[in-house]
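Q: In case you want the letters, here they are:
Number of protein chains: 2
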Amino acid sequence: MPNEFDLIRRFFHGPTSHTDLGVGDDAALLRPRADMQLAVSSDMLVAGVHFFADAEPGLIGWKTAAVNISDMAAMGAQPRWITLALALPEVDETWIAAMARGFRDCCEAYCVDWIGGDTTRGPLNLCATVFGEVPREVAVRRDGARHGDDVWVSGWPGMAALGLGYLQGRVDLVGDWVEPCLDRLHRPIPRVALGIALRGTATAMMDVSDGLLGDLAHILERSGVGAMLEETILPLGTLLAACKRTELANAALLGGGDDYELLFCVPREKRGQIEALGRHLELPLHRIGRILDKSGLWMQRGDGVCEAVAAQGFDHFSGVN
Amino acid sequence: MPNEFDLIRRFFHGPTSHTDLGVGDDAALLRPRADMQLAVSSDMLVAGVHFFADAEPGLIGWKTAAVNISDMAAMGAQPRWITLALALPEVDETWIAAMARGFRDCCEAYCVDWIGGDTTRGPLNLCATVFGEVPREVAVRRDGARHGDDVWVSGWPGMAALGLGYLQGRVDLVGDWVEPCLDRLHRPIPRVALGIALRGTATAMMDVSDGLLGDLAHILERSGVGAMLEETILPLGTLLAACKRTELANAALLGGGDDYELLFCVPREKRGQIEALGRHLELPLHRIGRILDKSGLWMQRGDGVCEAVAAQGFDHFSGVN
Numbered sequence: 015m016p017n018e019f020d021l022i023r024r025f026f027h028g029p030t031s032h033t034d035l036g037v038g039d040d041a042a043l044l045r046p047r048a049d050m051q052l053a054v055s056s057d058m059l060v061a062g063v064h065f066f067a068d069a070e071p072g073l074i075g076w077k078t079a080a081v082n083i084s085d086m087a088a089m090g091a092q093p094r095w096i097t098l099a100l101a102l103p104e105v106d107e108t109w110i111a112a113m114a115r116g117f118r119d120c121c122e123a124y125c126v127d128w129i130g131g132d133t134t135r136g137p138l139n140l141c142a143t144v145f146g147e148v149p150r151e152v153a154v155r156r157d158g159a160r161h162g163d164d165v166w167v168s169g170w171p172g173m174a175a176l177g178l179g180y181l182q183g184r185v186d187l188v189g190d191w192v193e194p195c196l197d198r199l200h201r202p203i204p205r206v207a208l209g210i211a212l213r214g215t216a217t218a219m220m221d222v223s224d225g226l227l228g229d230l231a232h233i234l235e236r237s238g239v240g241a242m243l244e245e246t247i248l249p250l251g252t253l254l255a256a257c258k259r260t261e262l263a264n265a266a267l268l269g270g271g272d273d274y275e276l277l278f279c280v281p282r283e284k285r286g287q288i289e290a291l292g293r294h295l296e297l298p299l300h301r302i303g304r305i306l307d308k309s310g311l312w313m314q315r316g317d318g319v320c321e322a323v324a325a326q327g328f329d330h331f332s333g334v335n
Numbered sequence: 015m016p017n018e019f020d021l022i023r024r025f026f027h028g029p030t031s032h033t034d035l036g037v038g039d040d041a042a043l044l045r046p047r048a049d050m051q052l053a054v055s056s057d058m059l060v061a062g063v064h065f066f067a068d069a070e071p072g073l074i075g076w077k078t079a080a081v082n083i084s085d086m087a088a089m090g091a092q093p094r095w096i097t098l099a100l101a102l103p104e105v106d107e108t109w110i111a112a113m114a115r116g117f118r119d120c121c122e123a124y125c126v127d128w129i130g131g132d133t134t135r136g137p138l139n140l141c142a143t144v145f146g147e148v149p150r151e152v153a154v155r156r157d158g159a160r161h162g163d164d165v166w167v168s169g170w171p172g173m174a175a176l177g178l179g180y181l182q183g184r185v186d187l188v189g190d191w192v193e194p195c196l197d198r199l200h201r202p203i204p205r206v207a208l209g210i211a212l213r214g215t216a217t218a219m220m221d222v223s224d225g226l227l228g229d230l231a232h233i234l235e236r237s238g239v240g241a242m243l244e245e246t247i248l249p250l251g252t253l254l255a256a257c258k259r260t261e262l263a264n265a266a267l268l269g270g271g272d273d274y275e276l277l278f279c280v281p282r283e284k285r286g287q288i289e290a291l292g293r294h295l296e297l298p299l300h301r302i303g304r305i306l307d308k309s310g311l312w313m314q315r316g317d318g319v320c321e322a323v324a325a326q327g328f329d330h331f332s333g334v335n
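In the order they appear, the protein sequences are chains E and A.
Counting in the numbering used here, the first sequence runs from 15 upward without gaps.
Counting in the numbering used here, the second sequence runs from 15 upward without gaps.
To be clear, the hints were calculated from the coordinates, so they are not data collected in a lab.
Mixed in with the good hints, there may be bad ones.
Stated by the list, open to error - Output of the computed footprint for chain A on chain E, the stretches with three or more beta carbons under 8 Å from beta carbons of chain A: (1) 93 to 102; (2) 107 to 121; (3) 146 to 153; (4) 161 to 167; (5) 170 to 177; (6) 183 to 194.
Stated by the list, open to error - Here are the simulated distance ranges between beta carbons: (7) ASP119/E / ASP49/A: 54 to 62 Å; (8) GLU235/E / GLU104/A: 22 to 30 Å; (9) LEU181/A / GLU235/E: 39 to 47 Å; (10) ALA123/A / ASP157/E: 30 to 38 Å.
To be verified - Quick look at which bits of chain A chain E covers, simulated, 3 or more residues with Cβ under 8 Å: (11) 32 to 46; (12) 62 to 73; (13) 132 to 141; (14) 153 to 167; (15) 303 to 317.
Quick caveat, the model's predicted, so the values are computed rather than measured.
Where a beta carbon is used, it is the ideal one built from N, C-alpha and C, also for glycine.
Chain E on its own, in the form it takes in the complex (with noise of 0.2 Å):
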């Protein structure tokens, strides 16, 4: 049977386009451009945890590349290089070739070099770190947030909820939203051109993956602000197209996480601007919300009436111990 070091060579190995020195040696070589800064992330996917174990391997590559690579689209930043460590229990070539064959394609169809990293005995683990550029002083962080902005949201965040109760049994869907409900699930979509076309315009931005009201919570933390979401604009329609339910797809769109999409805050002159984008971008761009000179996250009901509302994030260490 091959060894570690004969996998590594097989499957990680390929092309680069912007890299000095990639795959196989103590480290890697890159060369930064001038002037940028370097955005670095990482992401540690689990099975049972991230993904289900008997998931399709090219589905869980894909989705390590991507939730990576979707912070880089949260700061604004170009997605450059990456890395892969990866926990194996065993060595099965079949699962190792298609989960490189999907963590190599969602790589491609950002531009990004798999310039190296790890594989070792141990439960299932794959750990990503991303690089990325943005020219200095333009990265979107999370504390910009101000009194008078809008709080937006990309695409339609809590299809994957959807499409993971379905998996578990929890959640009917509409026949024809099956699919696509897996889809945002299995096949998270970074949106780097939207994060980096809001270098400048965004005073505060991350992306969702635990949650709508959860992140949002985070972003008011930073900024030091309040936000009041109205219920009357929320992002609802395809939910409720997929699973018929108002509760549920309330449930999902605030508390589901997986989407992936960016949520991010832009001062109320620029409304125009932004929805210029989306159509140019071809991505639907829901404003939500707008950022309060108080603390707080609460919600505009459609009778005016507002009540404060728990950020319901999705948090791994939940329910343990």
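Chain A: place on chain E using the hints.
A: For chain A alone, coordinates are given in the frame of chain E:
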């Protein structure tokens, strides 16, 4: 109980000295210096494979940082930044605090900024990614060894293997040598100053993590050369003092891993320069053989006879399936 975000905030946050934005956003932001190449390496450490699950968490933290930083030393790069992604089977604040302290201690010893990471639930797994800077064209790769080079190794590789054997009850050690051998196993010392000093001098270099012969075989393969080791000059002194058995000392030296000493090749005419460097760094540097113009790995015995030797690298997958 705290959620994962609280954990990150409490234990992973800390001062940085050369980072624009550290833990807490979608990505960290840093500025590599102009005209530098960035060296990047990831290593994943798994409980039961790379360390005992019940090992002291501070030592696990130190080792995770050290083995990554060692990859920078092996390229002649100055380590500068590191991320840590962590899967934990349960939330044990005492464990996390001690592990983080050990990780940070190692980072601080090498002026490395801990800039971010990830925490999730899962079987115990630590994955670090380290970034270092090296002036363009001077990184020491594995592929430059040439006929006429001497082969060198730093320190006393094999001590970590003796320490591991002792813990596993397979090896008896002389009393005074137990602690030093365990220390090499648990608290490896990345040879950063040596790696940087060898820029422009060493033709090929790597760190010994999988065993001296196995790792030398990687250099030979990448460089397209062979090597002759000389039995009479192998650095067995400390190992013999520790275990008193020649055969065991030989096996530990040639097949043991986990010492993270540097293995490097230098043109023969610079032998005096390396000897002076060892004195300057107060680090024993041992010449162990020479690069050949024919392929293969050979041992010249004391009686002058040369025989082929098999690379005995430690393979994380060996024995599986």
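Q: Of the numbered hints stated earlier in the document, which are not met by this structure?
A: 2, 4, 5, 6, 7 and 15
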